[in-house]
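Visitor: Construct the entire structure; sequences and hints are all you get.
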Amino acid sequence: MSVSIKEHDYIGLSEANMEKQAYEMIYNNKDLNLKATELRLGLPGSESPEREVVVHGGAIKIMMAGAKRGFSDAINGGSRKWAYAGDGGQEVGSVKHSGQETDVSVSPVPALPERKTQVSAKPNRQISSPAPKQQVVGWPPIRSFRKNTMAVSQTKNEEEGDQKMGSGCLYVKVSMDGAPYLRKVDLEIYSCYLDLSSALEKMFSCFTIGQYGSHGVRTREGLSESRLMDLLHGSEYVLTYEDKDGDWMLVGDVPWDMFIASCKRMRIMKSSDAIGLAPRAMEKCRNRTEADNE
Amino acid sequence: MDLNQKRTRTVDRVDSVDPDLVSPESTPMCPFPDEVLEPVLSLINSHKDRSSVSLVCKDWYNAERWSRRHVFIGNCYSVSPEIVVGRFPKIRSVTLKGKPRFSDFNLVPEDWGADVYPWLSVLAKAYPFLEELRLKRMAVSDESLEFLAMNFPEFKALSLLSCDGFSTDGLKAIATHCRNLAELDIQENGIDDLGGDWLSCFPETLTTLQVLNFASLNSEVSFSDLEKLVTRCKSLRVLKVNRTINLDQLQKLLLRAPQLTELGTGTFTQDLVTRPVADLEATFGSCKNLLTISGLWDTNSLYLPVIYPACASLTFLNLSCAALRSFELAMLLIHCKSLRRLWVLDTVGDMGLEAVGSWCPLLEELRVFPADPFEQENVAGVTESGFVAVSRGCPKLHYVLYFCHQMTNAAVATVVQNCPGFTHFRLCIMNLGQPDYVTNEPMDEAFGAVVRTCPNLQRLAVSGLLTDLTFEYIGKYAKNLEILSVAFAGSSDLGLKYVLGGCPRLRKLEIRDCPFGNAALLSGLTKYESMRSLWMSACNLTMNGCRVLAKEMPRLNVEVMKDEDSEDSQAHKVYIYRTVAGPRRDAPPFVLTL
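Order-wise, the sequence lines are chains A and B.
Residue numbers are given in the working numbering: position 84 of the first sequence equals residue 84, and the series is strictly consecutive.
Residue numbers are given in the working numbering: position 516 of the second sequence equals residue 516, and the series is strictly consecutive.
Just so you know, the hints here were simulated from the structure itself, not pulled from any lab data.
None of these values were measured; they are calculated from a predicted model.
Hints are not guaranteed to be accurate.
Residues from chain B that face chain A, not an exhaustive set, calculated with beta carbons under 7 Å [claimed, not checked]:
#, residue
1, Phe-105
2, Asn-106
3, Leu-194
4, Gly-195
5, Ser-301
Calculated lysine-lysine pairs in the DSS-like style (CA-CA distance at most 30 Å, straight line) [unchecked claim]:
#, chain 1, residue 1, chain 2, residue 2
6, A, Lys-202, A, Lys-270
7, A, Lys-147, B, Lys-562
8, B, Lys-234, B, Lys-288
9, A, Lys-147, B, Lys-136
10, B, Lys-288, B, Lys-252
11, A, Lys-264, A, Lys-244
12, B, Lys-252, A, Lys-244
13, B, Lys-228, B, Lys-252
14, B, Lys-508, B, Lys-396
15, B, Lys-90, A, Lys-147
16, A, Lys-244, A, Lys-202
17, A, Lys-173, A, Lys-202
Computed Cβ-Cβ distance ranges for the label pairs, DEER-style [unchecked claim]:
#, chain 1, residue 1, chain 2, residue 2, range
18, A, Arg-183, B, Leu-255, 27 to 37 Å
19, B, Pro-258, A, Arg-143, 31 to 41 Å
20, A, Arg-143, B, Val-379, 31 to 41 Å
21, B, Arg-179, A, Tyr-171, 16 to 26 Å
22, A, Ser-198, B, Asn-106, 44 to 54 Å
23, B, Ser-235, A, Arg-143, 27 to 37 Å
24, B, Tyr-308, A, Ser-198, 29 to 39 Å
25, A, Glu-188, B, Pro-258, 43 to 53 Å
26, B, Pro-276, A, Lys-184, 31 to 41 Å
27, A, Cys-192, B, Val-379, 49 to 59 Å
We put the beta carbon where it would ideally sit given N, CA and C, even for glycine.
Guide: Written out as structure tokens, the structure is:
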């Protein structure tokens, strides 16, 4: 429906180019930590960091200039030129939904300069931004204290595993000792340990979790050593999970909600390997209790 | 006295008396002696009413000025402190607002101004018995806070909202020296948090605290000092702690202060249960007077239910720090049948909003904030269907702030049909220039429906793809509109001209990134004196256009903020406001008053 004219700014880069550079910059920044540990085929040091910096610098500079211009460069995709009414107050030229681009020169109201200010509007639905889009200063109009609050709670959620805010799924890996490959389960679809247990049982058919008691409802008791021992001795395998602190815990001790909030991945261990697990788990909880009570 | 004229004056304009008001027969025409008039007038608290009273005649003007105890100054540069203290000799409470609202979104450079210190030094001489100071968007330094603490022996209430420039050291001074402190309300400020020891500065003798809000501070305070403070302040009714306070600590505080009416919790989860959840639930049950709950950071399905016993009498629930899912919100709202105001994050989704519509028939205000405002891919959040669902179930809804990624004209029309009583309608479609995603048309008809259907509309914020038609509707129909926020909208000068030509009660107009130029600006020449302020940034204004305005209207301050990048002839950021104090004397170098 629309023909988008590539807007070139004074450096001579087109908008698409800027998008790409911005994308690269953000991508590189984001993954900076991972790059160091990334397994690659090239010789170490084959990618010169200076070059990236230059790209960063260039992209940053372009972005800064764009941001200061106002809304123009901050919007991805097509750009439209606005026609400004002259004294007659007539609306000339492009209105977004007409789908046309008209380039009308500004009539000289007192010393109005020939500034090309674009207000980009998107007639089509999607914002075709491939990456975190260049942010417009002060948009959306959220106060900074609110951004900080939510940023922290976001981070907390991210720490808790493959959790996406509001997307309603919580996939964690499940490995089993001796199995040739891992599986992934969505913890959100289960409501209690029993459901999870049967699902895993089906997935790894030669596998038992054992009983967990009434964990479908909120429990108020603390941990009990004897219960753990029963589980361990009752079956060939035990189900364990890694919590957000990186500790390996026995599945079934805490209420279900707490479990899915802290589980990062699961492992089905042979019970012989798990002997040392229970005492450590108890220790950890005891330490925590002490710390909290000061 | 022309009644129409009266309407355009508010207390912000502290004028000397118009000589036409003083008729030779003014004394016999005014039958009440001062001894009667003043006590009667002292019962009037609304500043608008007081402004009207002061315009009746000279006697009433005088009676009013002597009986006034609270002065509200909506723009600290519209009047000088000397003029204020000259007119009102017996003030005990001052409310001051400073920077333009867009400073909340980083559009106003630092060091722009609105320093409270010059005010404080004048107030200290004129009102040594000042009791209350409420500041919004002012620059407040630690020195100012120290000055305040040391120079006003009767000082009782300090409220700082969206201010910046101070640190917790300033709070130490307040806590240490204000012997009669009843209120310390610190909200959303750009504060330098150097530690939590300010709280320990409250003397053991202080028992008068009624309001304590430090929810926005990050540092840990001494819990034992806090607990002792709460214990000895028997009149404490508002307590909002920060996130560092955990559930166990909260429980202890609640046991000490069951009389609380407003509670802001700390972090609302814990890794390990040290005491059964039932205990906490019982504690909430014993707080019979709770009307407001906020905070609730990090809460989840396990802990949120402990507040259920307190929910039946709640009128305001602020969940904007708790990323709840739809079913968690639904389960909670079942218990909240008296709810009037609700703030949530958009993690609750449309289903959560359906629950709002189902369970909160008395709801008057809804604010939905985006949990992840800058996320473009994988956007969840709320849509138009959640909005409609709320409107169906909540016919009394009159205040909405709604952040979303998509909207339709039809949905908005339905919403206002269901709730024609809107006074505040703030819709933020976060994707810039987003049309109606079903029809691909601009969102003009949506806002047209709003202004046509809601006669009481006072505040409007528009967004999405908008042409001049939106503004034609606004100018034509929004007779009671006082505050209008516009961003990335409009097609030409006509848009602004429509608004300036209509909207008789417009007070505050803030515009960014719109194609409005000098012609539009100048079309509102005569209107600006009846408004508090106009902000225009990244529009098409030039220095010359602004100079013309400044020349024609000497009682306006026309200020241009220069940007290093923009050309010299452009007026990148313009702030225009009426004033009786003349041009600013404290303007930084980048602010030019024309």
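Visitor: All the hints need checking, so say for each whether the structure fits it.
Guide: Outcome of the hint check:
1. Phe-105: holds (3 Å)
2. Asn-106: holds (5 Å)
3. Leu-194: At about 17 Å, which exceeds the 7 Å cut-off, the nearest Cβ of chain A leaves the hint on B:Leu-194 violated.
4. Gly-195: violated (18 Å)
5. Ser-301: Holds, about 5 Å.
6. A:Lys-202 - A:Lys-270: holds (18 Å)
7. A:Lys-147 - B:Lys-562: Roughly 28 Å between the alpha carbons, so the hint for A:Lys-147 and B:Lys-562 holds.
8. B:Lys-234 - B:Lys-288: holds (16 Å)
9. A:Lys-147 - B:Lys-136: Given that 30 Å is the threshold and the Cα spacing comes to 19 Å, the pair holds.
10. B:Lys-288 - B:Lys-252: holds (16 Å)
11. A:Lys-264 - A:Lys-244: Between A:Lys-264 and A:Lys-244 the Cα gap is close to 6 Å, so the pair holds against 30 Å.
12. B:Lys-252 - A:Lys-244: holds (28 Å)
13. B:Lys-228 - B:Lys-252: holds (11 Å)
14. B:Lys-508 - B:Lys-396: holds (26 Å)
15. B:Lys-90 - A:Lys-147: violated (41 Å)
16. A:Lys-244 - A:Lys-202: The given pair, whose Cα atoms are some 26 Å apart, holds under the 30 Å limit.
17. A:Lys-173 - A:Lys-202: This hinted pair holds, its Cα atoms lying about 15 Å apart.
18. A:Arg-183 - B:Leu-255: 27 to 37 Å: violated (48 Å)
19. B:Pro-258 - A:Arg-143: 31 to 41 Å: holds (33 Å)
20. A:Arg-143 - B:Val-379: 31 to 41 Å: About 21 Å separates the Cβ atoms of A:Arg-143 and B:Val-379, which means 31 to 41 Å is violated.
21. B:Arg-179 - A:Tyr-171: 16 to 26 Å: violated (59 Å)
22. A:Ser-198 - B:Asn-106: 44 to 54 Å: holds (53 Å)
23. B:Ser-235 - A:Arg-143: 27 to 37 Å: holds (31 Å)
24. B:Tyr-308 - A:Ser-198: 29 to 39 Å: Once the Cβ atoms are compared, 31 Å apart, the range 29 to 39 Å for A:Ser-198 and B:Tyr-308 holds.
25. A:Glu-188 - B:Pro-258: 43 to 53 Å: violated (38 Å)
26. B:Pro-276 - A:Lys-184: 31 to 41 Å: holds (35 Å)
27. A:Cys-192 - B:Val-379: 49 to 59 Å: violated (31 Å)
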